[in-house]
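Visitor: All chains, please: the whole structure from these sequences, using the hints.
Residue numbers (the working numbering), protein chains in the order written: chain A, 1 to 315; chain B, 316 to 630; chain C, 631 to 945.
The hints are simulated quantities; they were obtained by calculation from the structure and are not laboratory data. Do not take every clue at face value.
[Claimed, not checked] Calculated cross-link-like contacts (lysine to aspartate or glutamate; reagent style DMTMM-like; alpha-carbon spacing at most 20 angstroms):
id, chain 1, residue 1, chain 2, residue 2
1, A, K294, C, E939
2, A, K310, C, E939
3, C, K649, C, D710
4, A, K296, B, E412
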Amino acid sequence: MRFEKAVPVQWLAEFTGAKLIGDEAHMATGINEIHKVVAGDISFVDFEKYYDKCLNSAATVIIINKEVACPAGKTLLVCDDPFTAYVKIVKHFRAFEPLNKNVSDSAVIGDGTQLQPGVVVGNHVKIGKNCLIHGNVVIYDHCVIGDNVIIHANTVIGADAFYFKRRKERVAQYDKLESCGRVIIEDNVEIGACCTIDKGVSGDTIIGMGTKFDNHIHIGHGAVIGKNCLFAAQVGVGGKAIIEDEVILWGQVGVSKDLTIGKGAIVYAQSGVAQTIEGGKVYFGSPVEDAKTKMKELNWVKRIPEIWEKLTKQS
Amino acid sequence: MRFEKAVPVQWLAEFTGAKLIGDEAHMATGINEIHKVVAGDISFVDFEKYYDKCLNSAATVIIINKEVACPAGKTLLVCDDPFTAYVKIVKHFRAFEPLNKNVSDSAVIGDGTQLQPGVVVGNHVKIGKNCLIHGNVVIYDHCVIGDNVIIHANTVIGADAFYFKRRKERVAQYDKLESCGRVIIEDNVEIGACCTIDKGVSGDTIIGMGTKFDNHIHIGHGAVIGKNCLFAAQVGVGGKAIIEDEVILWGQVGVSKDLTIGKGAIVYAQSGVAQTIEGGKVYFGSPVEDAKTKMKELNWVKRIPEIWEKLTKQS
Amino acid sequence: MRFEKAVPVQWLAEFTGAKLIGDEAHMATGINEIHKVVAGDISFVDFEKYYDKCLNSAATVIIINKEVACPAGKTLLVCDDPFTAYVKIVKHFRAFEPLNKNVSDSAVIGDGTQLQPGVVVGNHVKIGKNCLIHGNVVIYDHCVIGDNVIIHANTVIGADAFYFKRRKERVAQYDKLESCGRVIIEDNVEIGACCTIDKGVSGDTIIGMGTKFDNHIHIGHGAVIGKNCLFAAQVGVGGKAIIEDEVILWGQVGVSKDLTIGKGAIVYAQSGVAQTIEGGKVYFGSPVEDAKTKMKELNWVKRIPEIWEKLTKQS
Chain A
1 MRFEKAVPVQ WLAEFTGAKL IGDEAHMATG INEIHKVVAG DISFVDFEKY
51 YDKCLNSAAT VIIINKEVAC PAGKTLLVCD DPFTAYVKIV KHFRAFEPLN
101 KNVSDSAVIG DGTQLQPGVV VGNHVKIGKN CLIHGNVVIY DHCVIGDNVI
151 IHANTVIGAD AFYFKRRKER VAQYDKLESC GRVIIEDNVE IGACCTIDKG
201 VSGDTIIGMG TKFDNHIHIG HGAVIGKNCL FAAQVGVGGK AIIEDEVILW
251 GQVGVSKDLT IGKGAIVYAQ SGVAQTIEGG KVYFGSPVED AKTKMKELNW
301 VKRIPEIWEK LTKQS
Chain B
316 MRFEKAVPVQ WLAEFTGAKL IGDEAHMATG INEIHKVVAG DISFVDFEKY
366 YDKCLNSAAT VIIINKEVAC PAGKTLLVCD DPFTAYVKIV KHFRAFEPLN
416 KNVSDSAVIG DGTQLQPGVV VGNHVKIGKN CLIHGNVVIY DHCVIGDNVI
466 IHANTVIGAD AFYFKRRKER VAQYDKLESC GRVIIEDNVE IGACCTIDKG
516 VSGDTIIGMG TKFDNHIHIG HGAVIGKNCL FAAQVGVGGK AIIEDEVILW
566 GQVGVSKDLT IGKGAIVYAQ SGVAQTIEGG KVYFGSPVED AKTKMKELNW
616 VKRIPEIWEK LTKQS
Chain C
631 MRFEKAVPVQ WLAEFTGAKL IGDEAHMATG INEIHKVVAG DISFVDFEKY
681 YDKCLNSAAT VIIINKEVAC PAGKTLLVCD DPFTAYVKIV KHFRAFEPLN
731 KNVSDSAVIG DGTQLQPGVV VGNHVKIGKN CLIHGNVVIY DHCVIGDNVI
781 IHANTVIGAD AFYFKRRKER VAQYDKLESC GRVIIEDNVE IGACCTIDKG
831 VSGDTIIGMG TKFDNHIHIG HGAVIGKNCL FAAQVGVGGK AIIEDEVILW
881 GQVGVSKDLT IGKGAIVYAQ SGVAQTIEGG KVYFGSPVED AKTKMKELNW
931 VKRIPEIWEK LTKQS
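Guide: Structure representation (structure tokens):
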């Protein structure tokens, strides 16, 4: 997320009770995850093995749980629990605003856009022109929807990221990472019924121009879906997956988080994509392989009894 | 779909800018897909390899992108882009009518039927007697629901068919085939929560008498589900699949489009049905096989190390 | 379910037209399934092979379709069709009460709890303190939700159990077992968008303290989910499954009914759990196996051509 107004690092240090190391005059201009940070951003790190990655990132303000040398041009906020400090900042700048009617007064809705009954449009949402939002769709705060977008009934845009930190020592073990990202749906997208597209943790979940989703599709936080993709029903995509343009996923395909599917890849029904796969190819299986290879393997399995028979005859 | 009043083919030719070949006096009485057309219907074809099938079908009016000999008793509408001409006709006769309240004045709702809060009932919908429609269900225009039907909360009946034509040369590559079919739910059906049953492209999606669906089930456009079927949660069925009576699909089964599952078949959980399968049998796997055969294969796979050992000992 | 006031067995006999055998003075205090009955409960049995189990259970009142010797301390209600008699009792004591507004007057909602627009809260529902219920969530009658619970948009809590008795001789073959159980969601639970958690047939479906669900999750009737579990998107859990504390299910995992997943088990994406599995281990596959074993099997399958080659060279 971007702040409306830059925030002094000294204020952040006081607000979180952190010790400030480095440049005291910096202003933070936004919040981001480590894989997306730009200059001005706040990020946090609480595992030693990720220290270097974070300290060498573009982030300007780093919340960290150890006093380390501050790289030039950065400010460190040192505290025992960077996760909690980070969540405190997010909650402050993206405080929950209850809705008291179906369409927030702060939502901006373009000409020619139709909202069917029961649609809920959250605060600060922007919807473009000539969209059709069917009954009982719910759009959470801050989401941005382009022109000529169709969203079918009971779909949910912008629910919270599914992201928790485990605290084994607590009774309720999972601490919620409050998300402050958005969902951005580009022009000419069509989203089926009963889909869910979660907001990013701090960056944006993006559905590219011209992409079409069937029903019951789940898109995890911060995933970036390319242009002109086609996803059949019941596909699930994990957080921060990158799916390039013109990818076709058939029904019930599952895609893990933090990977890339290359441009134009086709993945057959019920397959599971657990790692990055190249574009321009056809895949099948769980985990996926080249579709033809997988089909051959399925045929070889059928021949095991023949192999066994041949083997036992020989001996 | 059926037209309320027959439409002269000359009007259609003018409306779509097509050249009329054949009988100029014909009246079109409806619109249909090639696998379902009856006399009086309009259909369209834009691939040369499907010309014969379409020209030899029962359709009376054929929109086609080549001047060919007109079969007796038919009218051809020749134009460069039959898809666009067809969509123009569909949009004219099934223009979107926005709803300005939850239950359309044109909906007909039978005695003893209960609508819980938040239910959206579209234009021209018919619901029979003694139904119970739970909260926030959305029923799109023109759907027909029988007697004694229960639909659980947040289910969507009659969303658009997921059917697009790819135009690789365009920026937004997918052209939407506007659907004008309906969903017909017969008597004594029960549909779980968060299900989606899409309307047919031009024909009807049918859920047969006495069939019961668990939650999160997806039924694609134009699928025809028989009587007394039982589908467990998260089953997905592709467009135009035909599932005969008394079929049982366990949880998360996926069924491809354009195939038939024979009467009384049972398909175990997470299986994938990619081709037509016979009735009266039990299936498992993705893609499915006879369940016992599949189980044996899974056991043979476990024996490969034993085979390897035996083989290497011999050599 | 528990009755508000104990019910005389003689009244039950008259109401169902059953013949009373055994103690005529008993009072029934509730209704339960055979795996959960306690003293005072009504249960029913209509298959001879389950007679002993039911007659030896803790149930006080047993509806049965054969005159058998009545065990000490019990009352039998003998009738031709125990299923129908049982359903008649359930419908009497849990008659459907239509809602005429979004939040029932009989619902109790704790301090600090926010209901976003379109939320439907059924009769006799209890929601604790500081909960956030997002737009268009539907909560059926009698459900109980703890403190600090978050439920995302369009989720359905407490839809009917998917439980039918087949009557092959009838036109509509499936007879609905009316459910009278509840859903109980404990403190600090978060439920994603478009989830469905069904009520128990007569007992309760329970989501344990601190458990977190992603989107599109289905929990069947009477399932008991432990504390601090983490379920990724599109997981489906069958009726009466028991999932112990701290279990992690990755995306699209399917869990059959009537089994147990032991504490701390981790099940990888798209796996299918068909039988009870031990805690503290990692699983993969459909059906699941130990994850490492499964991975080795997948590698062995790739080596079949090598085996074949070696074998044919030898011969």
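Visitor: Taking the hints in turn, state whether each one holds.
Guide: Now the hints, each set against the structure:
| no. | hint | verdict |
| --- | --- | --- |
| 1 | K294(A) with E939(C) | holds (19 angstroms) |
| 2 | K310(A) with E939(C) | holds (12 angstroms) |
| 3 | K649(C) with D710(C) | holds (10 angstroms) |
| 4 | K296(A) with E412(B) | violated (51 angstroms) |
In terms of the numbered hints stated before, the structure departs from hint 4 and from no other.
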